[in-house]
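All chains should be built: construct the whole structure from the sequences, respecting the hints.
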Amino acid sequence: QARSHVGSNSVSPAAACVIIIIMASNINVFLRVRPCAKPSPHFTCEPEKGFVTFETERHGPEGDVNHNKTVHNFRFNGIMPMSVTQQEALDMVAKPVVDDVLNGLNGTIFAYGQTGSGKTFTITGGPSRYEDRGLIPRTLAYMFECFRTSTCQHKMYISYLEIYQDKGYDLLREDSGKKLEELPKVVMREDGDGHFHLRNLSINVASSQEEALNLLFLGDTNRVVAETSMNDASTRSHCLFIIWIESTAPGSDVIRRSKLHLVDLAGSERVSQTGAEGKLLKEATAINQSLHYLERVIVALHARAKGEQMHVPYRDSMMTSVLRDSLGGNCKTTMVACIAAEPSNIMESLSTCRFAQRVAQIQNNAKVNEELDPTLLIARLKREVTELKQELGIARGGQEEGGEGGELTDE
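Residues 3 to 413 (my numbering) are what the sequence shown spells out, left to right.
Quick caveat, the hints were computed from the structure, so don't treat them as lab data. Be a bit skeptical, because a hint or two may be false.
[Claimed, not checked] Estimated spans, in silico, between C-beta atoms of each pair:
1. Arg385 - Asp134: 47 to 57 angstroms
2. Asp134 - Glu212: 13 to 23 angstroms
3. Gly331 - Gly253: 25 to 35 angstroms
[Unchecked claim] DSS-like, lysine-lysine: derived pairs with alpha carbons at most 25 angstroms apart:
4. Lys181 - Lys169
5. Lys187 - Lys281
6. Lys51 - Lys169
7. Lys40 - Lys51
8. Lys97 - Lys369
9. Lys169 - Lys281
Even glycine gets a Cβ: it sits at the ideal position worked out from N, Cα and C.
The following block contains the structure:
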């Protein structure tokens, strides 16, 4: 069961908006440190306080004097050290966002960092051990657990979008045997109200946890991966796992529609380190360019947060267009900054933390997405009419029995 068109999660003009609750909050930023045997002595982490510190050498490898700052301190909403488990990551990062989504708010969780820093492991999980399941499968399990204990009726739909070299593809396509360039592309369209819509992206019904996981596995099978010198299974594209939720309280004609984006961004690469050539080099160039566009959006939103008037270049890439609501819009957003603590990766990790601090300054304005459902409204009105007819019939029957058909008086 699939519907071939999906639009933005906007309220239609014809629908009557029941409640508008706007929740302004900054993006939450968490740090995850990939396990390693010998972390750099210039990196220290204090998970209890939420602090990490980097110390850079005053003299460079060529003997040049570095006059820049040598000690860099960063604070996060939470830090996941090397010993953190996948379940602890879910509890810290995902559950608060999922709870908001189940209450009608849009949510986004995205992982950012250099290639090989653990982004895919965090979002999707490891392929070999059950306890290595990532945020997506654990989030699906948590959602269906909430469905079972809730009095509301819930429906779940799933989409899986891959952005490869700034072109969109549906990972849940049925014709997965075809070459990537032969497949229909997911394209973006903007309506008159400024809302973006994704065409050729299927929405698939998931009525059980098993169905949802099968869709996840199908999408992961179709992803573009390659082996590089820094990562044996490097994802060469950005992937967005989208969960759409519809919920209705018993007897209510108000429906809540929300969405959750779980985003695995491709990692930034230094070609001098990865040694990429040919196709890998072309892919690395596209990845770095799209991340550059993302950084431009973050810088513009950061400037806006400080009161400056600046254009936000969402349209520069497909990824920033898709994440427009997640960055400064109607969404509760959380970022997971993934870093590696080896000495050779310290500068890249420092760059990731700097990016995370800019993201933390962005404010989103999330609102509960509620509207009257015409179908439910008509059904409720019909029930009320039927009940009123029954009450009227009972009243008339009592009148005939007690007054033998006489007229009612003031007494």
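Right, here's what the structure says about each hint:
1. In this structure the hint that Arg385 and Asp134 lie 47 to 57 angstroms apart at CB holds, the actual value being about 50 angstroms.
2. Between Asp134 and Glu212 the beta carbon distance is about 19 angstroms. The supplied range of 13 to 23 angstroms therefore holds.
3. Hint check: Gly331 to Gly253, Cβ distance near 32 angstroms, so the stated range 25 to 35 angstroms holds.
4. A hinted pair counts as satisfied when its Cα atoms are at most 25 angstroms apart, and Lys181 with Lys169 qualifies at roughly 14 angstroms.
5. Using a Cα cut-off of 25 angstroms, the hinted pair Lys187 and Lys281 holds, with the two alpha carbons roughly 20 angstroms apart.
6. Taking the CA atoms of Lys51 and Lys169, the gap is about 41 angstroms. The hint is violated against a cut of 25 angstroms.
7. The suggested pairing of Lys40 with Lys51 holds, with an alpha-carbon distance near 23 angstroms, which does not exceed 25 angstroms.
8. At most 25 angstroms may separate the alpha-carbon atoms for a hinted pair to count; Lys97 and Lys369 meet this at roughly 18 angstroms.
9. Proposed proximity of Lys169 and Lys281 is supported: the alpha carbons are some 16 angstroms apart, at most 25 angstroms.
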